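Residues in the sequence shown are numbered from 1 upward in steps of one, following UniProt numbering.
Keep in mind that the hints were calculated from the coordinates and are not lab data. On a predicted model such as this, the values are computed, not experimentally measured, just so you know. One should not assume that every hint holds.
Pair ranges (Cβ atoms, derived) [stated by the list, open to error]:
no., residue 1, residue 2, range
1, Leu71, Ile243, 17 to 25 Å
2, Ala94, Pro231, 30 to 38 Å
3, Leu119, Pro148, 30 to 38 Å
4, Ala79, Gly38, 41 to 49 Å
5, Arg246, Thr41, 13 to 21 Å
6, Trp105, Ala247, 18 to 26 Å
Even glycine gets a Cβ: it sits at the ideal position worked out from N, Cα and C.
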Amino acid sequence: MDVMTLIGIGLLTGLTTVMFGFGGGFVAVPVVAWADAGLGTDAMRVATATSALVMVVNAAFATAVTRRRVLAELRGSAALLLLLAAGATAGATASRFAPPDPVRWAFVAYVALTVVDLLVRPGFLRPRGQAGEASKAPRPLPAVLGVPMGAIAAFLGVGGSVMTVPAMRRAGHTMHVATALANPLTLVIALPATAVSLCGSTAPTAVHAHVNLIGLVDPGAAAALLLGALPVILVLRRHPPRIPDRAHAWTYTGLLALVATAMLLSG
Numbered sequence: 001m002d003v004m005t006l007i008g009i010g011l012l013t014g015l016t017t018v019m020f021g022f023g024g025g026f027v028a029v030p031v032v033a034w035a036d037a038g039l040g041t042d043a044m045r046v047a048t049a050t051s052a053l054v055m056v057v058n059a060a061f062a063t064a065v066t067r068r069r070v071l072a073e074l075r076g077s078a079a080l081l082l083l084l085a086a087g088a089t090a091g092a093t094a095s096r097f098a099p100p101d102p103v104r105w106a107f108v109a110y111v112a113l114t115v116v117d118l119l120v121r122p123g124f125l126r127p128r129g130q131a132g133e134a135s136k137a138p139r140p141l142p143a144v145l146g147v148p149m150g151a152i153a154a155f156l157g158v159g160g161s162v163m164t165v166p167a168m169r170r171a172g173h174t175m176h177v178a179t180a181l182a183n184p185l186t187l188v189i190a191l192p193a194t195a196v197s198l199c200g201s202t203a204p205t206a207v208h209a210h211v212n213l214i215g216l217v218d219p220g221a222a223a224a225l226l227l228g229a230l231p232v233i234l235v236l237r238r239h240p241p242r243i244p245d246r247a248h249a250w251t252y253t254g255l256l257a258l259v260a261t262a263m264l265l266s267g
């Protein structure tokens with residue numbers, strides 16, 4: 001996969017960062033896995049590590065340009081943030097020793113189950129406070145969810161938004177707020193995951209495949225993706241598109257199904 005293609009896909013990661021809170025990693029995992037397919041069994045491990053770096057930069061930038069009144073919804077969530085980081089550290093460390101093929105199928109299975117959950121269980125496509133229900137103030141996410149959320153997100157490379165957006169949606173937030181808050185939560189998860197990936201040993205297949213890695217991170221692929229993503233994040237944060245809340249939720253669900261299908265077909 002050439003640099004221009006990666007930059008083009010980076011544009012999509014910027015869009016998903018702003019619109020869906022994915023931080024870009026959700027798109028980066030299958031893309032980098034394809035780009036570094038020459039690494040064989042190490043491709044998924046490198047894709048997960050590289051996606052964490054992409055998520056750090058995208059999520060940090062998106063958080064920096066998010067309105068303060070939206071970020072204020074996380075006030076009092078210090079315990080949740082600390083536990084997310086702790087879980088992410090454990091998940092990223094475990095991913096270094098896990099067989100890559102089971103991780104790939106676990107990625108697909110988790111996303112597929114998430115899609116089914118969003119479609120079947122009430123609260124996401126039809127949130128509290130709509131369709132004639134009494135409006136209620138959003139509830140904070142329980143801090144106890146931090147460790148499992150962080151561990152699963154870092155281990156599979158799915159990004160925090162796959163869990164935090166549905167959770168915040170069911171807690172009473174609109175899609176606009178839930179996806180915006182997913183960026184700082186993703187940053188907390190991706191930072192320790194990236195640190196673990198950068199400090200580890202390089203994948204042994206990298207020399208034979210002529211891929212230059214830093215630890216398990218492919219810096220060339222990450223740079224190309226970020227080159228496409230960051231301008232899109234800046235523009236869309238300054239001029240956010242107006243999407244009806246329900247259509248926003250359905251599009252989020254559809255994108256999850258699309259990525260799960262792409263990963264399934266790539267296997």
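Determine which of the earlier numbered hints do not hold for this structure and return their numbers in increasing order. Per hint list: 3, 5, 6 violated.
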